[in-house]
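Visitor: What follows is each chain in one-letter form.
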Amino acid sequence: MQKCDGHPYNPIIFETRDDKNLKKILSSNNEEFIEYIHKLGLSLEHTDSTINFEYTSTTILTLKTRCFKVDFNDNFVRISPLK
Amino acid sequence: MKYLLVLVTIFSSLSLSATTAKTEVVKVPTASTINVNYPACPNHKTSNTPIKKTPLMSGVSNVESQEDVLAAEEKMLISVVGQGVAPMNTSSPAQAYALAKRAAVADAYRLIAEKVKGVRIDGQDLIKNMMVKRSTVRTSVAAMVRNANIVETTFKEGLCEVEMEIVISHAQFK
Numbered sequence: 001m002q003k004c005d006g007h008p009y010n011p012i013i014f015e016t017r018d019d020k021n022l023k024k025i026l027s028s029n030n031e032e033f034i035e036y037i038h039k040l041g042l043s044l045e046h047t048d049s050t051i052n053f054e055y056t057s058t059t060i061l062t063l064k065t066r067c068f069k070v071d072f073n074d075n076f077v078r079i080s081p082l083k
Numbered sequence: 084m085k086y087l088l089v090l091v092t093i094f095s096s097l098s099l100s101a102t103t104a105k106t107e108v109v110k111v112p113t114a115s116t117i118n119v120n121y122p123a124c125p126n127h128k129t130s131n132t133p134i135k136k137t138p139l140m141s142g143v144s145n146v147e148s149q150e151d152v153l154a155a156e157e158k159m160l161i162s163v164v165g166q167g168v169a170p171m172n173t174s175s176p177a178q179a180y181a182l183a184k185r186a187a188v189a190d191a192y193r194l195i196a197e198k199v200k201g202v203r204i205d206g207q208d209l210i211k212n213m214m215v216k217r218s219t220v221r222t223s224v225a226a227m228v229r230n231a232n233i234v235e236t237t238f239k240e241g242l243c244e245v246e247m248e249i250v251i252s253h254a255q256f257k
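Chains E and C, in that order, give the protein sequences.
Quick note on numbering: my numbering labels position 77 of the first sequence as 77, and the sequence is numbered without any gaps.
One rule links them: number in my numbering = place in the second sequence (from 1) + 83.
Simulated from the structure, these hints should not be mistaken for laboratory data.
Nothing here was measured: the structure is a model prediction, and the numbers come from that model.
Do not take every clue at face value.
Distance condition first, Cα-Cα at most 30 Å in a straight line; then the derived DSBU-like pairs of lysine-lysine [stated by the list, open to error]:
#: 1; chain 1: E; residue 1: Lys24; chain 2: E; residue 2: Lys69
#: 2; chain 1: E; residue 1: Lys83; chain 2: E; residue 2: Lys23
#: 3; chain 1: C; residue 1: Lys158; chain 2: C; residue 2: Lys211
#: 4; chain 1: C; residue 1: Lys211; chain 2: E; residue 2: Lys24
#: 5; chain 1: E; residue 1: Lys39; chain 2: E; residue 2: Lys69
#: 6; chain 1: E; residue 1: Lys23; chain 2: E; residue 2: Lys64
#: 7; chain 1: E; residue 1: Lys39; chain 2: C; residue 2: Lys216
#: 8; chain 1: C; residue 1: Lys211; chain 2: E; residue 2: Lys64
#: 9; chain 1: E; residue 1: Lys83; chain 2: C; residue 2: Lys239
#: 10; chain 1: E; residue 1: Lys64; chain 2: E; residue 2: Lys20
#: 11; chain 1: E; residue 1: Lys69; chain 2: E; residue 2: Lys83
#: 12; chain 1: E; residue 1: Lys83; chain 2: C; residue 2: Lys200
#: 13; chain 1: E; residue 1: Lys20; chain 2: E; residue 2: Lys69
#: 14; chain 1: E; residue 1: Lys24; chain 2: E; residue 2: Lys64
#: 15; chain 1: E; residue 1: Lys64; chain 2: C; residue 2: Lys158
#: 16; chain 1: E; residue 1: Lys23; chain 2: E; residue 2: Lys3
#: 17; chain 1: E; residue 1: Lys3; chain 2: E; residue 2: Lys39
#: 18; chain 1: E; residue 1: Lys83; chain 2: E; residue 2: Lys24
#: 19; chain 1: E; residue 1: Lys69; chain 2: E; residue 2: Lys23
#: 20; chain 1: C; residue 1: Lys198; chain 2: E; residue 2: Lys39
#: 21; chain 1: E; residue 1: Lys64; chain 2: C; residue 2: Lys216
#: 22; chain 1: E; residue 1: Lys83; chain 2: E; residue 2: Lys39
#: 23; chain 1: C; residue 1: Lys211; chain 2: E; residue 2: Lys39
#: 24; chain 1: E; residue 1: Lys64; chain 2: E; residue 2: Lys83
#: 25; chain 1: C; residue 1: Lys158; chain 2: E; residue 2: Lys24
#: 26; chain 1: C; residue 1: Lys216; chain 2: C; residue 2: Lys158
#: 27; chain 1: E; residue 1: Lys3; chain 2: E; residue 2: Lys83
#: 28; chain 1: E; residue 1: Lys3; chain 2: E; residue 2: Lys24
#: 29; chain 1: E; residue 1: Lys39; chain 2: E; residue 2: Lys20
#: 30; chain 1: E; residue 1: Lys39; chain 2: E; residue 2: Lys23
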């Protein structure tokens with residue numbers, strides 16, 4: 001683990017419901033968080049092949065490595081990427 | 084026997100011409116050595132002005148210039164609809180929906196990448212004894228996508244459709 005530098009921008013806020021476990025909060029809001037993190041940027045690799053009219057395809061989405069600042073307040077957590 | 088003789092003579096003449104062709108030395112004129120003096124056409128005036136050289140594939144260069152569809156300071160909205168199907172062995176309808184949506188989102192990203200960056204296509208046909216043994220078409224795309232928005236998601240009869248939009252600008256490609 002290394003220290004990240006940068007300024008936070010474009011934060012996302014989730015309700016904590018008295019839970020300080022970030023992993024649990026993210027998994028209970030996974031749809032929202034995945035949509036948000038995809039929007040920040042991802043790399044895509046897609047290949048498909050048709051061999052003798054039989055189709056197979058593979059799409060790999062890889063998230064960019066990124067540092068986040070996480071602030072826990074009373075009832076909310078603010079997650080913001082660093083730029 | 085007569086036909087055989089005829090064939091033999093034909094082959095021998097062919098082989099002879101082939102051997103003569105091998106031994107013949109042909110001097111290929113270079114661009115500097117070509118100097119053709121055509122007779123002057125009486126209806127046309129001759130001039131000493133150098134002929135303007137046009138590129139051999141001038142039509143192609145025109146096509147290339149028309150490819151700049153996104154002018155500077157201009158933005159373009161690209162909209163796609165990705166489709167995804169849930170696997171057969173899901174533990175609940177909710178899981179089926181979530182997996183189908185994930186697949187549809189990945190498909191939408193792929194469509195955006197294909198529209199913006201283009202697709203690489205490789206094809207290979209293996210033919211043996213005049214018959215196609217194996218026909219292969221492979222397509223691939225690799226890209227980095229950022230700031231794409233999910234506009235609408237629908238789930239009907241096991242098929243999830245995700246409408247996705249992205250705004251691209253000329254500055255992003257510099």
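Visitor: List in ascending order the numbers of the hints, as given earlier, that are violated by the structure.
Guide: Violated hints: 3, 4, 7, 8, 9, 21, 23, 25, 26; rest satisfied.
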